[in-house]
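These protein sequence lines are chains B and H, in that order. Count along the first sequence starting at 1, add 313, and that's the number in this note's numbering. Count along the second sequence starting at 1, add 152, and that's the number in this note's numbering.
Honestly, the hints are just simulated from the structure, not real lab data. Some hints could be false.
Dumping the calculated SDA-like pairs for lysine to any residue here, alpha-carbon to alpha-carbon at most 20 Å [to be verified]: (1) H:256 - B:382; (2) H:221 - H:205; (3) H:211 - B:352.
Listed next, the stretches of chain B that the computed footprint assigns to chain H, with coverage defined by at least 3 CB atoms under 8 Å from CB atoms of chain H [unchecked claim]: (4) 355 to 363; (5) 384 to 396.
No experiment lies behind these values; they were computed from the predicted model shown. Every residue gets a Cβ at the ideal spot worked out from N, C-alpha and C, and that includes glycine.
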Amino acid sequence: SQTIHQWPATLVQPVGSPLSLECTVEGTSNPNLYWYRQAAGRGLQLLFYSVGIGQISSEVPQNLSASRPQDRQFILSSKKLLLSDSGFYLCAWDTTGLSYEQYFGPGTRLTVT
Amino acid sequence: ILNVEQSPQSLHVQEGDSTNFTCSFPSSNFYALHWYRWETAKSPEALFVMTLNGDEKKKGRISATLNTKEGYSYLYIKGSQPEDSATYLCAFYSNSGYALNFGKGTSLLVTP
Chain B
314 SQTIHQWPAT LVQPVGSPLS LECTVEGTSN PNLYWYRQAA GRGLQLLFYS VGIGQISSEV
374 PQNLSASRPQ DRQFILSSKK LLLSDSGFYL CAWDTTGLSY EQYFGPGTRL TVT
Chain H
153 ILNVEQSPQS LHVQEGDSTN FTCSFPSSNF YALHWYRWET AKSPEALFVM TLNGDEKKKG
213 RISATLNTKE GYSYLYIKGS QPEDSATYLC AFYSNSGYAL NFGKGTSLLV TP
């Protein structure tokens, strides 16, 4: 069966510090991978998606970046965090098919102080 | 970014009450409509994926309907239980897009 891991679960970082969140998927090959963020009072916002190794598309301009160094690994990074980067970050995967049902990881709660 | 609206924003009902929420989405370029249930401290979990106008899906006490021509979907919970307390998200998939567009969700609290 497929499993998706995210870490860390919670993170408190000062403004201006770097960020690295990691997501890995097990039990599937060639997944589409996604990073979402839910900021306070807002819905889930798509940040990045990837259809393959080294292929990253960004939805909104921001100071975040994403990388996919391996088929089942997706990393979200920032060189310098802003207060507005606080939120709940979710990684998700799906495979190209009729349903496009997405499977979500456990999430990371990021607080930028 | 496609506009997906959910109402109400939050709902508080008593155990045993039936309830329903609304999701509205663009009626053009429709491909699929998803409902997810998101409990606190857990991952969102898929409830339904609907693709055809008039679709009705059911899982236990929860059911959903879809009207793609007018751009709305209803989620119904019959006889709400405390364990139904969660945020219910709908997400729209456009056939001209590549990812789900989520609404802000409806937060349901069911008290005994």
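Checklist entry - Between residue 211 of chain H and residue 352 of chain B, does the CA-CA distance stay at or below 20 Å? => result Judged against 20 Å, a Cα distance of about 30 Å means the pair is violated.
Checklist entry - Regarding the pair residue 256 of chain H and residue 382 of chain B, is the alpha-carbon distance no greater than 20 Å? => result Distance ~31 Å between residue 256 of chain H and residue 382 of chain B Cα, so the pair is violated.
Checklist entry - Are 3 or more residues of the stretch 384 to 396 of chain B near chain H, judged by a Cβ distance of less than 8 Å? => result violated (count 0)
Checklist entry - Does the alpha-carbon distance linking residue 221 of chain H and residue 205 of chain H stay inside the 20 Å limit? => result 7 Å, holds
Item to check | Annotated coverage of the stretch 355 to 363 of chain B by chain H, confirmed only when three residues or more have a Cβ within 8 Å | outcome: Check passed, 6 qualifying residues.
Hints 1, 3, 5 from the list above are not met by this structure, while the remaining hints are.
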